[in-house]
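**Q** For the protein sequence lines, the chains are A and B, in the order given.
Okay, so the first sequence: first residue is 1 according to the UniProt record's numbering, each after it adds one.
Okay, so the second sequence: first residue is 1 according to the UniProt record's numbering, each after it adds one.
Honestly, I wouldn't trust all of these hints.
[As the list claims (entries may be wrong)] Mimicking BS3-like on lysine-lysine, the simulated pairs with C-alpha atoms at most 27 Å apart in a straight line are: (1) Lys65/A to Lys17/A; (2) Lys263/A to Lys102/A; (3) Lys65/B to Lys233/A; (4) Lys343/B to Lys233/B; (5) Lys64/B to Lys326/A; (6) Lys64/A to Lys326/A; (7) Lys102/B to Lys134/B; (8) Lys65/B to Lys233/B; (9) Lys263/A to Lys233/A; (10) Lys65/B to Lys102/B; (11) Lys326/B to Lys343/A; (12) Lys64/A to Lys263/A; (13) Lys343/B to Lys326/A; (14) Lys233/A to Lys343/A; (15) Lys343/A to Lys343/B.
None of these hints come from the bench; they were simulated from the model.
Number of protein chains: 2
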Amino acid sequence: MVVAAQTAHFDTPLTLKSGAVLDSYDLVYETYGTLNADASNAILVCHALSGNHHVAGVYEASDKKPGWWDNMVGAGKPIDTDRFFVIGLNNLGGCHGSTGPKSINPATGHAYGAAFPLVTVEDWVASQARLADKLGIRQFAAIMGGSLGGMQVLHWSIAYPERVRHCLVIASAPKLTAQNIAFNDVARQAILTDPDFHGGDYYQHDTYPRRGLRLARMLGHITYLSDDVMGSKFGRILRQGGFNYGYDVDFEIESYLRYQGDKFADSFDANTYLLMTKALDYFDPTHTAPEAGLSAALAPAQAAFLVISFTTDWRFAPERSREIVKALLDNGQQVSYAEIVSKHGHDAFLMPDAHYHALVRAYMERVSG
Amino acid sequence: MVVAAQTAHFDTPLTLKSGAVLDSYDLVYETYGTLNADASNAILVCHALSGNHHVAGVYEASDKKPGWWDNMVGAGKPIDTDRFFVIGLNNLGGCHGSTGPKSINPATGHAYGAAFPLVTVEDWVASQARLADKLGIRQFAAIMGGSLGGMQVLHWSIAYPERVRHCLVIASAPKLTAQNIAFNDVARQAILTDPDFHGGDYYQHDTYPRRGLRLARMLGHITYLSDDVMGSKFGRILRQGGFNYGYDVDFEIESYLRYQGDKFADSFDANTYLLMTKALDYFDPTHTAPEAGLSAALAPAQAAFLVISFTTDWRFAPERSREIVKALLDNGQQVSYAEIVSKHGHDAFLMPDAHYHALVRAYMERVSG
Numbered sequence: 001m002v003v004a005a006q007t008a009h010f011d012t013p014l015t016l017k018s019g020a021v022l023d024s025y026d027l028v029y030e031t032y033g034t035l036n037a038d039a040s041n042a043i044l045v046c047h048a049l050s051g052n053h054h055v056a057g058v059y060e061a062s063d064k065k066p067g068w069w070d071n072m073v074g075a076g077k078p079i080d081t082d083r084f085f086v087i088g089l090n091n092l093g094g095c096h097g098s099t100g101p102k103s104i105n106p107a108t109g110h111a112y113g114a115a116f117p118l119v120t121v122e123d124w125v126a127s128q129a130r131l132a133d134k135l136g137i138r139q140f141a142a143i144m145g146g147s148l149g150g151m152q153v154l155h156w157s158i159a160y161p162e163r164v165r166h167c168l169v170i171a172s173a174p175k176l177t178a179q180n181i182a183f184n185d186v187a188r189q190a191i192l193t194d195p196d197f198h199g200g201d202y203y204q205h206d207t208y209p210r211r212g213l214r215l216a217r218m219l220g221h222i223t224y225l226s227d228d229v230m231g232s233k234f235g236r237i238l239r240q241g242g243f244n245y246g247y248d249v250d251f252e253i254e255s256y257l258r259y260q261g262d263k264f265a266d267s268f269d270a271n272t273y274l275l276m277t278k279a280l281d282y283f284d285p286t287h288t289a290p291e292a293g294l295s296a297a298l299a300p301a302q303a304a305f306l307v308i309s310f311t312t313d314w315r316f317a318p319e320r321s322r323e324i325v326k327a328l329l330d331n332g333q334q335v336s337y338a339e340i341v342s343k344h345g346h347d348a349f350l351m352p353d354a355h356y357h358a359l360v361r362a363y364m365e366r367v368s369g
Numbered sequence: 001m002v003v004a005a006q007t008a009h010f011d012t013p014l015t016l017k018s019g020a021v022l023d024s025y026d027l028v029y030e031t032y033g034t035l036n037a038d039a040s041n042a043i044l045v046c047h048a049l050s051g052n053h054h055v056a057g058v059y060e061a062s063d064k065k066p067g068w069w070d071n072m073v074g075a076g077k078p079i080d081t082d083r084f085f086v087i088g089l090n091n092l093g094g095c096h097g098s099t100g101p102k103s104i105n106p107a108t109g110h111a112y113g114a115a116f117p118l119v120t121v122e123d124w125v126a127s128q129a130r131l132a133d134k135l136g137i138r139q140f141a142a143i144m145g146g147s148l149g150g151m152q153v154l155h156w157s158i159a160y161p162e163r164v165r166h167c168l169v170i171a172s173a174p175k176l177t178a179q180n181i182a183f184n185d186v187a188r189q190a191i192l193t194d195p196d197f198h199g200g201d202y203y204q205h206d207t208y209p210r211r212g213l214r215l216a217r218m219l220g221h222i223t224y225l226s227d228d229v230m231g232s233k234f235g236r237i238l239r240q241g242g243f244n245y246g247y248d249v250d251f252e253i254e255s256y257l258r259y260q261g262d263k264f265a266d267s268f269d270a271n272t273y274l275l276m277t278k279a280l281d282y283f284d285p286t287h288t289a290p291e292a293g294l295s296a297a298l299a300p301a302q303a304a305f306l307v308i309s310f311t312t313d314w315r316f317a318p319e320r321s322r323e324i325v326k327a328l329l330d331n332g333q334q335v336s337y338a339e340i341v342s343k344h345g346h347d348a349f350l351m352p353d354a355h356y357h358a359l360v361r362a363y364m365e366r367v368s369g
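Isolated chain A (complex conformation) (with noise of 0.2 Å):
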């Protein structure tokens, strides 16, 4: 499936949760499938951390990596593009084309840095609505989301219940657990404190915090895999057989975090990761509510729901999937859930795992067009 990105121009301002306007933005978007007569099959794929809308297909035959969730979104795939309309967008913050700390302030002529507001949760839904208000969707057919995208499609589903009629929410958590957001801090604090850093405003200053990002992607990256997959893959294997007695590579394991780091260095944006996990940590529908729950917090969804967590997430773990879905019940919802037994940690929602797959196929086929 060759594909391309889209580019949609908004100049009503958006007022942000924290208070902040964005006069103008853009979001990049990419489609999969035919939206038919009545906009009534579209499904709108929310990304996580580190995604973006490039969720399937390539951009040139010769393209030897997909987008990112290409095993789950295609023709004859569970979210079969034969069927269904498929929207990827990149949220506003991002740094792959959508506007971002990276993109150009037009009050400033040069690019926002520290001057971008942090959007939430909260504000990517409003946005996303407006995206689908341009598309002349009303309804989305489904919402689905891993993770940091599985908060949005909760979100959806409080917000504007009549617009979504199933809910996919996957290795998500209705709000992050101290250690989640400890682990987040680590990271951020990587990043704030790299000379290169410069307030965020490195971008004019010709530098980039490329060390911070690096280790707070390696951090990351530990707490995506389980214990058992690292284990099983790496385990206590030397790179050269020996101990160097230094600080070079000696495990397998070290070679591979640091190449992951590197890599990611290379091509996202730092401003964009503090903004991205700033949005996990403030995210909590019992956010203005505390005492009444997260179940009083989802009584307004009229979606079905879908939820699957992966036995070793431990980033988030099954018991946070098992709190919406009790929310839900408490409330009598329509929710099925699946835990998938997965040796593949947080990372396991983005694989092709034939029990998951088969759930989500089975689960979208009840789902009318």
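For chain A, the structure is supplied; the task is to place chain B on it using the hints.
**A** Chain B in isolation, oriented as in the chain A frame:
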């Protein structure tokens, strides 16, 4: 108990596992209680990553903060200094008085820095045996340690089986997992890539890789605490009631972690931190004969063992202690084992849990002086 540190100087060269030779070195140590006439009541306490020789007591009656294991060691305490002669030392490569990277290299007249060789658990045990010789201790009544300290205890039991009657291995593991190594490598990379590190020779540059060490400690701290205790202690409590929509402290957990990072960075040496994490990574009693397994590696031990783990410790989980217990049982060696129910994660080994302390006390009552 008012105590004072002492220094032992060694000028018999010590050949390290790496092949490097330390021509001479100092070990700083403290003792509590009285060595009996036949020197049979000595207990050695081995410290973990950030520990030192100041195990118990205070330096002046007015000191508010006693040694790091003062709740365990003292008159009438589980390790009763009315019966036992207890020794704490700062390991080679440390930054609290024993020869280490910030010590003056006699060959150059300035700090060792990067020239200080990597030391291993095996090297520490060899240097501890020399200290025992100097103090006239042929055989220890017990050797004990938590975490990295427990690894030293394990190696004592193998390397000098006739020199230790009882081994107390607490919150430890026979070797690190890939995930453990991965966390250590992120911590090291934070220090190594800090522009103030200068390849380890920051002493001469009048700089200090404070940022890197701070990050390393913040990260370490997350792994010392359980998810549970972080949740019950900090949860999602906000510092100022609302969100900042910026990168200053929002959540109490962020404030706590940054404080811990700052405090540590002000008092520890970055080269020592690096070296200690490497000693952790390298330790593996099965390294030279992996097929033979842990029971073969522990077969030479003659001591009786007390192995203790803590239910919520995910850095050195109970499973890892059970590996040690199983290997000893396979050999028909004498071992007692307890999994202490605790919410405090890896840090539990330093805390005065009643069950844990009663258990150590009961065990030590059977140990003859």
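**Q** Does each hint fit the structure? Answer for all of them.
**A** Results of checking the hints against the structure:
1. Lys65/A to Lys17/A: Violated, at roughly 36 Å.
2. Lys263/A to Lys102/A: Roughly 19 Å between the alpha carbons, so the hint for Lys263/A and Lys102/A holds.
3. Lys65/B to Lys233/A: The given pair, whose Cα atoms are some 44 Å apart, is violated under the 27 Å limit.
4. Lys343/B to Lys233/B: holds, 11 Å
5. Lys64/B to Lys326/A: violated, 48 Å
6. Lys64/A to Lys326/A: violated, 42 Å
7. Lys102/B to Lys134/B: Holds - the C-alpha atoms of Lys134/B and Lys102/B are around 25 Å apart, at most 27 Å.
8. Lys65/B to Lys233/B: It holds: about 23 Å lies between the C-alpha atoms, which stays within 27 Å.
9. Lys263/A to Lys233/A: holds, 20 Å
10. Lys65/B to Lys102/B: OK: Lys65/B and Lys102/B at ~25 Å, within 27 Å.
11. Lys326/B to Lys343/A: Given that 27 Å is the threshold and the Cα spacing comes to 25 Å, the pair holds.
12. Lys64/A to Lys263/A: holds, 17 Å
13. Lys343/B to Lys326/A: holds, 25 Å
14. Lys233/A to Lys343/A: Answer holds: Lys233/A to Lys343/A is near 11 Å, not above 27 Å.
15. Lys343/A to Lys343/B: Given that 27 Å is the threshold and the Cα spacing comes to 26 Å, the pair holds.
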